[in-house]
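Chemist: Whenever a hint applies, use it, and build me the whole structure from the sequences.
Top line first, the protein sequences correspond to chains P and S.
Throughout the first sequence, residue numbering follows my numbering, covering 1 to 94 in sequence.
Throughout the second sequence, residue numbering follows my numbering, covering 1 to 335 in sequence.
Any given hint could be a false lead.
Said to hold, decoys possible - A short, non-exhaustive set of chain S residues, derived as facing chain P with CB atoms under 7 angstroms:
1) Val35
2) Glu49
3) Gly98
4) Thr112
5) Arg114
6) Pro221
7) Asp223
8) Val254
9) Ala320
10) Ala324
Claimed, not checked - Each computed BS3-like pair below joins lysine-lysine, with the alpha-carbon atoms no more than 25 angstroms apart:
11) S/Lys86 <-> P/Lys21
12) S/Lys236 <-> S/Lys86
13) S/Lys236 <-> P/Lys67
For the record, the hints were derived by calculation from the structure and aren't laboratory data.
All of these numbers come straight from a predicted model, not from anything done at the bench.
By construction, the Cβ of each residue, glycine as well, lies at the ideal position given by its N, Cα and C atoms.
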Amino acid sequence: MQAAMPLWEVFIRSRNGLAHKHVGSLHAADATLALQAARDLYTRRGEGQSIWVVPSAAITASDPAEKDMMFEPTASKIYRHPTFYEVPDDVGHM
Amino acid sequence: MYTQALNQAGNDSQAGNDPRSLEDAAEAARFQARVDAEERIEPNDWMPEAYRRTLTRQISQHAHSEIVGMLPEGNWITRAPSLRRKAALLAKVQDECGHGLYLYAAAETLGTSREELVDQLLSGKAKYSSIFNYPTLTWADMGAIGWLVDGAAIMNQIPLCRCSYGPYARAMIRVCKEESFHQRQGYEIMLTLARGSAEQKAMAQDALNRWWWPCLMMFGPPDTASQHGDQSTRWKIKRFSNDELRQKFVDATVPQAHFLDLTLPDSDLAFDEESGHWRFGAIDWEEFRQVLAGNGPCNRDRLAARRNAHEDGAWVREAALAYAAKQNKPAQAAE
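Modeler: In structure tokens form, the structure reads like this:
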């Protein structure tokens with residue numbers, strides 16, 4: 001078996017004004033080849049205006065096992081939403 | 001897709017434990033509850049080892065099928081009858097390659113490396129779809145493959161877009177979006193031949209005769225004999241049984257064949273008014289078994305072609321890696 005090819009994550013911006021979105025991953029020896037492979041693999045039908053490739057090893061991810069601890073507190077803070085506050089109808093749209 | 005290695009640091013505290021010892025009943029029950037609630041399972045989530053094994057096998061076989069599937073059609077690219085047909089066939093074969101790569105990436109998220117997966121194909125250890133071990137003898141075979149083989153594949157793949165494993169489901173959504181062009185271009189080839197000269201129509205009929213039964217076998221053994229059905233259904237990897245999908249395919253395809261004014265090679269084929277289904281004759285499962293066992297008409301050719309391509313490309317991969325290593329080396333004391 002041969003040496004492992006590095007893994008890259010591919011992000012594509014579909015139109016001007018939208019953010020780059022993760023579309024998948026691929027193997028390539030370096031950034032130049034990764035960019036060319038991403039173009040062939042993920043934009044065969046005009047899906048993109050711009051591509052980012054990022055070495056997968058450079059990504060730090062949250063641990064799914066700590067999901068509750070990470071995200072639960074936001075659910076209890078309903079005062080962060082505009083509907084928490086009462087404004088009389090007479091005031092009109094705010 | 002995601003990398004398997006992302007959360008290695010978090011798992012180190014459990015190093016030394018046999019991973020199977022973690023498969024206690026509580027974890028398994030939680031997992032099944034998530035599946036039942038139609039939640040998607042992601043690469044770093046806990047999953048039963050058997051789920052991981054089943055999916056690795058299924059997704060990698062699927063990827064191998066896409067890659068080997070380039071060979072029968074690649075055979076006709078240089079001999080396509082017009083530039084329009086040639087461009088379409090080239091694009092289709094390129095799509096199959098892309099589909100193979102999406103699927104390998106999904107399989108890798110379960111913890112098996114690309115090199116290992118490719119090695120399993122080239123060593124003959126892994127299986128791929130039986131259909132690609134049949135030869136493409138005439139141009140009409142390009143029509144029959146697009147119409148029937150891709151038609152059967154779409155029937156199989158649409159329910160997989162809702163598979164419980166997130167990376168596989170997402171890859172299938174992409175694949176299905178791209179695949180409908182494949183079936184339509186195949187049907188267009190068949191229609192052109194069927195409405196052409198008597199000789200062209202005979203060529204289309206001959207292709208249909210040769211591909212029809214192998215296509216019905218693509219859905220796998222009958223439900224009474226399938227090894228993987230029940231557990232895969234519980235895990236929501238499989239949404240319909242082999243026989244259900246096969247029947248759907250026959251019901252959809254028979255009227256399309258009639259529109260072409262071609263005859264399906266099955267004297268038992270008859271419409272059942274009561275159920276609204278087309279009933280078809282007995283499938284030769286011994287032929288299916290033989291093709292899977294490596295004794296189909298093209299098994300040896302297909303693997304030999306893949307091995308040659310892999311070996312012939314080795315120097316390119318080595319050179320690219322060597323160049324990357326050289327570029328990455330910190331500028332050494334310029335002498």
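Chemist: A separate judgement is required for each hint: does it hold in the structure or not?
Modeler: Evaluated hints:
Below 7 angstroms, beta-carbon pairs count as interface contacts, and S/Val35 has none with chain P, the closest being about 15 angstroms; its hint is therefore violated. For S/Glu49, the suggested interface contact is broken, since its CB lies about 18 angstroms from the closest CB of chain P, more than 7 angstroms. The interface hint given for S/Gly98 holds, since its Cβ lies 5 angstroms from the closest Cβ of chain P, which is under the 7 angstroms cut-off. For S/Thr112, the interface hint is violated, since its Cβ never comes within 7 angstroms of a Cβ in chain P; the closest pair sits about 12 angstroms apart.
Contact between S/Arg114 and chain P, as hinted, is supported at the beta carbon level, the nearest pair being about 6 angstroms apart and thus within 7 angstroms. A cut of 7 angstroms between beta carbons decides the hint on S/Pro221: the least distance to chain P is about 32 angstroms, and the hint is violated. With a least beta-carbon distance of about 34 angstroms to chain P, the hint placing S/Asp223 at the interface is violated under the 7 angstroms criterion. Annotation: S/Val254 was flagged as interfacial toward chain P, and the flag is violated, the nearest CB pair being 31 angstroms apart, outside 7 angstroms.
At its closest, the beta carbon of S/Ala320 sits 4 angstroms from a beta carbon of chain P; the interface hint therefore holds under the 7 angstroms criterion. Taking 7 angstroms as the C-beta cut-off, the interface hint given for S/Ala324 holds, the closest approach to chain P being about 4 angstroms. Simply put, S/Lys86 and P/Lys21 have alpha-carbon atoms about 33 angstroms apart, too far for the 25 angstroms limit, and the pair is violated. Of the supplied pair hints, the one linking S/Lys236 and S/Lys86 is violated, its CA atoms being roughly 39 angstroms apart against a limit of 25 angstroms.
With a C-alpha separation of about 24 angstroms, the suggested pairing of S/Lys236 with P/Lys67 holds against the 25 angstroms cut-off.
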